[in-house]
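Letter by letter, the chains look like this.
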Amino acid sequence: MDITLVHHIKQSTFSIFYRHGKRLLAMVGVIGLFVVIQFVTMYLQSPMLPSPATVLVSVVRLLMTGEINEHINSSLVIIIAGIGFAFVFGFLLGVLFYLAPKLEIMFTPLLNVMRPISAIALMPLFIVLFGTGHITKIIIIFWTAWPSVLLNTVHGLRTVEKEVVEATKIDGANKVQTLVVIIPVALSSILTGLRIAISGGWISIVAAEMIGANSGLGFYVLLKSQTFEYEKMFAGIIYIGLIGFCMNALLEVVQRRMYVEKRATNNVCCVDNAFWLHKKNR
Amino acid sequence: MFVVLTMLFGCTKKTGEEITLRYLDFKVYDPVYVGIEKGFFQKAGINVVLQNSTLAGPTAIQVVASGRAEGGLASIPALINATSAGLPVLGVSDIQSALPGQPLEEYFVKNESHIKSLNDLPGSRFAVNLWKSSFHYTALMALDQKGISIETVKFSLLPFDKQLPAIMNGSVDVVGLMEPYANYLRTQGGYRVLFDGNDIFGTKQFTLHFVNSIWARENPKAATAFVSGIVESINWIEANQDEAKKIISKYTGVDEKYVPVYHFQKNGVVIMDDVSFWMDFMKSIGDLNAGWLKPEDIATNVYNNKAQ
Numbered sequence: 003m004d005i006t007l008v009h010h011i012k013q014s015t016f017s018i019f020y021r022h023g024k025r026l027l028a029m030v031g032v033i034g035l036f037v038v039i040q041f042v043t044m045y046l047q048s049p050m051l052p053s054p055a056t057v058l059v060s061v062v063r064l065l066m067t068g069e070i071n072e073h074i075n076s077s078l079v080i081i082i083a084g085i086g087f088a089f090v091f092g093f094l095l096g097v098l099f100y101l102a103p104k105l106e107i108m109f110t111p112l113l114n115v116m117r118p119i120s121a122i123a124l125m126p127l128f129i130v131l132f133g134t135g136h137i138t139k140i141i142i143i144f145w146t147a148w149p150s151v152l153l154n155t156v157h158g159l160r161t162v163e164k165e166v167v168e169a170t171k172i173d174g175a176n177k178v179q180t181l182v183v184i185i186p187v188a189l190s191s192i193l194t195g196l197r198i199a200i201s202g203g204w205i206s207i208v209a210a211e212m213i214g215a216n217s218g219l220g221f222y223v224l225l226k227s228q229t230f231e232y233e234k235m236f237a238g239i240i241y242i243g244l245i246g247f248c249m250n251a252l253l254e255v256v257q258r259r260m261y262v263e264k265r266a267t268n269n270v271c272c273v274d275n276a277f278w279l280h281k282k283n284r
Numbered sequence: 003m004f005v006v007l008t009m010l011f012g013c014t015k016k017t018g019e020e021i022t023l024r025y026l027d028f029k030v031y032d033p034v035y036v037g038i039e040k041g042f043f044q045k046a047g048i049n050v051v052l053q054n055s056t057l058a059g060p061t062a063i064q065v066v067a068s069g070r071a072e073g074g075l076a077s078i079p080a081l082i083n084a085t086s087a088g089l090p091v092l093g094v095s096d097i098q099s100a101l102p103g104q105p106l107e108e109y110f111v112k113n114e115s116h117i118k119s120l121n122d123l124p125g126s127r128f129a130v131n132l133w134k135s136s137f138h139y140t141a142l143m144a145l146d147q148k149g150i151s152i153e154t155v156k157f158s159l160l161p162f163d164k165q166l167p168a169i170m171n172g173s174v175d176v177v178g179l180m181e182p183y184a185n186y187l188r189t190q191g192g193y194r195v196l197f198d199g200n201d202i203f204g205t206k207q208f209t210l211h212f213v214n215s216i217w218a219r220e221n222p223k224a225a226t227a228f229v230s231g232i233v234e235s236i237n238w239i240e241a242n243q244d245e246a247k248k249i250i251s252k253y254t255g256v257d258e259k260y261v262p263v264y265h266f267q268k269n270g271v272v273i274m275d276d277v278s279f280w281m282d283f284m285k286s287i288g289d290l291n292a293g294w295l296k297p298e299d300i301a302t303n304v305y306n307n308k309a310q
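Quick mapping for you: the protein sequence lines, in order, are chains A and B.
According to the numbering used here, the first sequence holds residues 3 to 284 in order.
According to the numbering used here, the second sequence holds residues 3 to 310 in order.
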């Protein structure tokens with residue numbers, strides 16, 4: 003074979019591995035785990051442990067027959083509403099803490115006491131206050147999700163480069179105008195809080211849908227567990243994981259773009275500052 | 003099929019000649035508590051150890067089927083579902099039966115509720131502790147008897163303890179409870195019984211003690227000893243209700259004044275006709291498709307020496 007051609011093939015192969023190495027490794031991990039579990043389940047032969055292949059068939063069948071659709075929609079509505087409220091609340095509180103640090107000092111001990119309290123422990127209270135409808139489920143998701151948004155918002159705003167903040171002050175910006183400038187810079191950290199919130203929300207969905215539910219992925223998993231339909235139960239669990247994964251991946255893409263923009267913004271600020279300082283010194 | 007699983011997890015602990023049975027209790031009126039307290043199991047030749055797990059129904063079935071315990075309690079519909087799914091469990095003695103004057107399942111509404119009779123149920127919100135359980139099925143039977151479509155009633159899933167605040171704040175219209183929750187609601191005042199188990203199906207057995215069927219097959223003497231201990235406890239309870247209340251109160255933590263006088267099927271036998279009754283109902287609504295399943299696959303009196 004032509005040496006140039008061999009060299010070209012080698013380079014292409016290396017290039018593919020270089021560019022897609024992480025994805026390939028992740029796929030190897032998933033397939034490896036799949037194979038191991040397949041052998042374990044084949045060895046154990048228990049009706050409580052269906053093989054991954056059977057579960058995958060169930061995953062596809064549930065989608066084809068539409069059996070799972072109602073439950074996915076129901077959970078998505080609750081998750082989006084719960085996370086949405088948590089984001090708005092956590093973000094606004096974070097901004098407030100940034101603007102008024104004394105307020106943060108005043109409320110931090112209380113928030114630190116509230117944060118570790120599980121939504122499950124508060125369920126009887128939520129039922130008394132909000133009943134057993136969708137609102138209680140949304141509140142449970144909200145309760146799990148808002149602290150991470152708050153903490154990351156405060157962290158993001160506090161860690162914006164001093165030069166950026168100083169530049170706005172020099173330009174005579176008031177606090178609100180400063181926020182307009184620095185929030186986009188802090189957005190990457192805020193989105194990290196949102197990603198953690200989404201993971202927490204999906205973790206809580208099963209608990210939330212144990213209460214007064216008649217639809218939703220958490221309810222579906224519970225129902226199939228109670229009626230010993232394990233293939234469908236594991237399929238429901240896989241749907242929870244997959245949808246959570248997709249939401250996280252989507253935010254990761256947005257966050258990556260924000261990071262690029264943040265760097266660009268910082269550079270612009272630095273250039274602006276340098277130009278301004280240059281003019282001032284002259 | 004389950005031998006490997008059973009071998010893997012270990013099913014039975016033997017201490018000398020005496021066999022130990024790990025029992026998943028659920029803090030309800032259970033003759034197993036009396037059997038332990040009065041030494042009836044020891045006398046029968048088995049050491050019953052409570053797991054203090056507060057598990058029953060489908061969860062307990064999963065633990066027992068996986069070999070991490072040998073006995074528990076579950077409703078007959080749950081045992082039917084489990085057996086049709088291939089889990090190795092077998093009902094062996096009575097624990098909850100709707101008997102004359104002892105409905106066990108009671109469905110409450112608020113005094114001021116617009117629901118005055120079963121005919122008013124369309125449009126109502128109904129709470130049940132488990133899906134496809136005896137409570138859920140009894141409610142479906144009630145609707146069926148009145149010719150009311152299931153679609154007109156909104157069922158939601160709520161554990162017994164969560165049903166109390168739910169009916170109190172009006173989130174649901176009807177709750178299905180058993181003791182001690184039913185008695186708690188009665189003592190609160192402001193609630194009335196809309197219907198009970200006796201109204202719907204008369205007298206029926208609906209919850210059984212069950213064991214791992216592989217364990218029972220491999221240890222028939224131990225299974226017999228377990229059931230013998232339960233039967234002796236049941237007969238002792240029937241003759242000593244006041245003293246039994248004290249024992250139940252001690253083991254469940256429920257105040258003695260809330261522990262009711264309690265009755266069982268004579269000699270704790272499994273009523274096979276009642277097992278058939280639940281199977282037929284589940285088939286009629288399309289919840290049981292395993293045509294091969296027989297009542298003898300669900301429960302047995304083989305280990306009950308006093309069963310006729």
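To be clear, the hints were calculated from the coordinates, so they are not data collected in a lab.
There may be inaccurate statements among the hints.
No more than 35 Å apart at the CA atoms, straight line, and that leaves these computed lysine-lysine pairs for DSBU-like [said to hold, decoys possible]:
id, chain 1, residue 1, chain 2, residue 2
1, A, 226, B, 40
2, B, 259, B, 248
3, A, 226, B, 29
4, B, 45, B, 285
5, B, 40, B, 252
6, B, 29, B, 112
7, B, 285, A, 226
8, B, 248, B, 112
9, A, 226, B, 259
10, B, 285, B, 259
11, B, 252, B, 45
12, A, 226, B, 248
13, B, 45, A, 226
14, B, 252, B, 223
Which residues of chain A face chain B? A partial, calculated answer using Cβ under 8 Å [said to hold, decoys possible]:
id, residue
15, 50
16, 216
17, 227
18, 247
Pair by pair, the computed Cβ-Cβ distance ranges are [to be verified]:
id, chain 1, residue 1, chain 2, residue 2, range
19, A, 251, B, 195, 49 to 57 Å
20, A, 119, B, 222, 34 to 42 Å
21, B, 242, A, 58, 40 to 48 Å
22, A, 126, B, 251, 21 to 29 Å
Glycine included, every Cβ here is placed at the ideal spot set by N, Cα and C.
Structure-based check of each hint:
Pair hint residue 226 of chain A plus residue 40 of chain B does not hold up; C-alpha atoms about 39 Å apart against a cutoff of 35 Å. This hinted pair checks out: residue 259 of chain B and residue 248 of chain B have alpha carbons roughly 9 Å apart, not beyond 35 Å. In summary, the hint linking residue 226 of chain A to residue 29 of chain B is supported, as the alpha carbons are separated by about 25 Å, within the 35 Å threshold. Restraint check: the Cα-Cα separation between residue 45 of chain B and residue 285 of chain B comes to about 42 Å, which exceeds 35 Å; the hinted pair is violated.
The straight-line distance between the Cα atoms of residue 40 of chain B and residue 252 of chain B is roughly 13 Å, inside the 35 Å bound, and the hint therefore holds. A threshold of 35 Å between alpha carbons decides the hint, and for residue 29 of chain B with residue 112 of chain B the separation of about 27 Å falls inside it, so the pair holds. Taking the CA atoms of residue 285 of chain B and residue 226 of chain A, the gap is near 18 Å; set against the 35 Å cutoff, the hint holds. For a cut-off of 35 Å, the pair hint linking residue 248 of chain B to residue 112 of chain B stands: about 32 Å separates their Cα positions.
Annotation: proposed proximity of residue 226 of chain A to residue 259 of chain B is violated, straight-line Cα distance about 38 Å (limit 35 Å). For the proposed pair residue 285 of chain B and residue 259 of chain B, the alpha carbon gap of about 41 Å is over 35 Å, so the pair is violated. Note on residue 252 of chain B and residue 45 of chain B: the hinted pairing holds, with a Cα-Cα distance of about 22 Å set against a maximum of 35 Å. Distance hint between residue 226 of chain A and residue 248 of chain B is unfulfilled; the C-alpha atoms sit about 38 Å from each other, more than 35 Å.
For a cut-off of 35 Å, the pair hint linking residue 45 of chain B to residue 226 of chain A is broken: about 41 Å separates their Cα positions. Among the hinted pairs, residue 252 of chain B with residue 223 of chain B is consistent with the structure: their alpha-carbon atoms are about 30 Å apart, no more than 35 Å. Here the hint on residue 50 of chain A is kept, as its CB sits about 6 Å from the closest CB of chain B, short of 8 Å. Because the closest C-beta pair between residue 216 of chain A and chain B is about 5 Å apart, less than 8 Å, the hint holds.
Annotation: interface hint on residue 227 of chain A holds; nearest CB of chain B at approximately 7 Å, less than 8 Å. For residue 247 of chain A, the interface hint is violated, since its Cβ never comes within 8 Å of a Cβ in chain B; the closest pair sits about 27 Å apart. For the hinted restraint 49 to 57 Å between residue 251 of chain A and residue 195 of chain B, the CB-CB distance of approximately 53 Å keeps it satisfied. Hint check: residue 119 of chain A to residue 222 of chain B, Cβ distance near 50 Å, so the stated range 34 to 42 Å is violated.
Between residue 242 of chain B and residue 58 of chain A, the C-beta spacing of about 57 Å breaks the proposed range 40 to 48 Å. Our hint of 21 to 29 Å for residue 126 of chain A and residue 251 of chain B holds, since their Cβ atoms are close to 24 Å apart.
Hint compliance for this structure: hints 1, 4, 9, 10, 12, 13, 18, 20, 21 are not met, and every other hint is.
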